[in-house]
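Undergrad: If you read the protein sequences in the order shown, they are chains A and B. Counted from 1, the first sequence has number 304 at position 304 by this note's numbering; the numbering is strictly sequential. So this note's numbering is basically just the index in the second sequence, starting at one, shifted up by 332.
It is worth saying that the hints were derived from the structure and are not from the lab. Hints are all accurate, no fakes.
What follows is a list of derived Cβ distance ranges for each label pair: (1) E468(B) to V191(A): 22 to 32 Å; (2) N331(A) to E351(B): 56 to 66 Å; (3) E565(B) to G262(A): 49 to 59 Å; (4) L123(A) to F357(B): 17 to 27 Å.
Even glycine gets a Cβ: it sits at the ideal position worked out from N, Cα and C.
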Amino acid sequence: MTLASLDRISPRKGRLSHTTVFWMVFAVIMALLVIAPFVLPVFWLKFLTEILIWGLLAMSSDLLLGYTGLISFGHSVFFGLGMYGAAGALLHSHPANLWLAILCGLAGAGGAALFVAYFSTRLRDVYFAITTLIFAQIFYVIIFTWTSVTGGENGLIFSRPHFAIPFLVDFKFDRYTMHWFVLALVAGSYVLLRRITRSPFGMVLQSIRENEARTRAIGYPVDRYKIVAVMLSGLFAGLAGVLYAVQNEFAAPDFVFFITSGDTIIFNVMGGIGTLVGPIVGAGFFQLLRELLSRLFGDQFPYLIPVGMVFIVMIIFLPQGLMGWARRWLNQ
Amino acid sequence: MRSPADRRGAAPAPILQIEGLTVRFGGLTALNDVNFSVMPGEVRAIIGPNGAGKSTFFNCVTGVLRPTSGRIVFDGKNITGRPSNEVSQRGIARSYQITNILPNATVFENVRVAAQSRRHAWSMLRDRGSFNDLNEKAESALNQVGLLPKAQELAANLSHGEQRNLEIGIALATEPKLLCLDEPTAGMSAAETHDTIELVRRIASNLTILIVEHDMPLVMELATRITVFHYGEVLADGSPAEIRDNSRVQEVYLKT
Numbered sequence: 001m002t003l004a005s006l007d008r009i010s011p012r013k014g015r016l017s018h019t020t021v022f023w024m025v026f027a028v029i030m031a032l033l034v035i036a037p038f039v040l041p042v043f044w045l046k047f048l049t050e051i052l053i054w055g056l057l058a059m060s061s062d063l064l065l066g067y068t069g070l071i072s073f074g075h076s077v078f079f080g081l082g083m084y085g086a087a088g089a090l091l092h093s094h095p096a097n098l099w100l101a102i103l104c105g106l107a108g109a110g111g112a113a114l115f116v117a118y119f120s121t122r123l124r125d126v127y128f129a130i131t132t133l134i135f136a137q138i139f140y141v142i143i144f145t146w147t148s149v150t151g152g153e154n155g156l157i158f159s160r161p162h163f164a165i166p167f168l169v170d171f172k173f174d175r176y177t178m179h180w181f182v183l184a185l186v187a188g189s190y191v192l193l194r195r196i197t198r199s200p201f202g203m204v205l206q207s208i209r210e211n212e213a214r215t216r217a218i219g220y221p222v223d224r225y226k227i228v229a230v231m232l233s234g235l236f237a238g239l240a241g242v243l244y245a246v247q248n249e250f251a252a253p254d255f256v257f258f259i260t261s262g263d264t265i266i267f268n269v270m271g272g273i274g275t276l277v278g279p280i281v282g283a284g285f286f287q288l289l290r291e292l293l294s295r296l297f298g299d300q301f302p303y304l305i306p307v308g309m310v311f312i313v314m315i316i317f318l319p320q321g322l323m324g325w326a327r328r329w330l331n332q
Numbered sequence: 333m334r335s336p337a338d339r340r341g342a343a344p345a346p347i348l349q350i351e352g353l354t355v356r357f358g359g360l361t362a363l364n365d366v367n368f369s370v371m372p373g374e375v376r377a378i379i380g381p382n383g384a385g386k387s388t389f390f391n392c393v394t395g396v397l398r399p400t401s402g403r404i405v406f407d408g409k410n411i412t413g414r415p416s417n418e419v420s421q422r423g424i425a426r427s428y429q430i431t432n433i434l435p436n437a438t439v440f441e442n443v444r445v446a447a448q449s450r451r452h453a454w455s456m457l458r459d460r461g462s463f464n465d466l467n468e469k470a471e472s473a474l475n476q477v478g479l480l481p482k483a484q485e486l487a488a489n490l491s492h493g494e495q496r497n498l499e500i501g502i503a504l505a506t507e508p509k510l511l512c513l514d515e516p517t518a519g520m521s522a523a524e525t526h527d528t529i530e531l532v533r534r535i536a537s538n539l540t541i542l543i544v545e546h547d548m549p550l551v552m553e554l555a556t557r558i559t560v561f562h563y564g565e566v567l568a569d570g571s572p573a574e575i576r577d578n579s580r581v582q583e584v585y586l587k588t
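Start from the sequences and build out the full structure, keeping to the hints where you can.
TA: Listed below in structure tokens is the structure:
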């Protein structure tokens, strides 16, 4: 592999300066994202907030795809149950409670992740991918047809909860505060996921990716690690679902369809798997490309054809994604 | 051969005791009613022609393969059919015939991840570089196999012989009581083979070692006791001198 992976894994030399540079870049990007609402027009601000949410979903999938070596098509379920969990909580609590929505969304996604993980982690490679795909479709059909609970085809519509901390603050979200709230949770998730990937647990996941039999032979119960990895990944994907539901004030079955999982994987590959930042960059790039195409050629334009062509070109010329390419360029 | 009663009278109990181990793959009997025991501190070599069942035997002991019948007792506990991660946790480590490392991680990381399987295995929120006990354990294992100067290299960039020694380092980092070496010198140059023999000698001072090897002079030099496999059965069992003089062994294996 490359120098980049050596840097990521090497335990001591140059660690301090690397870390300093990393946090400086992180601070600059955070500052830009914090002031974005004052600069961007309404449409583009919402666009940016959504990219952050898709980025969180893609990042959660990277924990499996890039670090554990598992291709998951189950992320539409985790995202969707985050959405519907939040929707249920918001429709049944008076006044609608944001924290309850997050809790219910995470419980829904975590429960689904445990269920999917229990059956699928015994399998590897394409068998794992297919099993998660099948579960995704089962959940989709349940949500689509159980109209009395999920609203079926129409989904659920609700209004945005207040941001309230008892005795401290209580305000209605506007586009500024919505953006900052999403930014805070996505950035927090990123920092947490980064910690996890650099921890002993994270190393076991990477060891499973590199050599599963060997990882078992040195004493690790590989199946249990995979189950926990899928659950963690599902929880972060569920959080993305909650945020999407709160921002857009609806939960819809379309998002539970496996296409969402496919998009998630495309974000990862475009941005660069195994980097955590890459998937966010990939999500941004994909959404921007789609938006530009529909602006240039109109709403009816079959944008997936040129997007697909760009994707193929990227796989051929930037196999490590945008982040991998940027890293190589910076190292030169 | 001593009777079981005699053995019970002798002070230390065997660290590994195998009774009636049989493995069948469909119609093929790879191991047939193998009885085998190893005392603590032994360097036991297992020899035999290709297809004699040596690798199958190793796979059973290390939990990769579930035997058709028979019992494997290690350190007083029945480990028959337990998965390899549990066998490892009980104290049996293995280095592989085919080099089986994590190629895209550094040499240091390869060893540390093994050390980590005993401590802090589930720690999620602390940087793995910050565990000094793991770093020290990894350094001492690398030092034992002479790879400390190469700690920061990618494992894939090591020479073949160095990778084989890294295999042993990984095994040592799990703090085993019994180390199973599957042809540790396969594909090595004469100089590398010599170094590896020295290495096995050094680590043998506080470990029990099971070693599968083809190189007869090496086996005679290293082993304190030798077991000869033939067609899935134990043909002979004894000291190197006894094995050298055994007429049946000479017939099937040591023909010169």
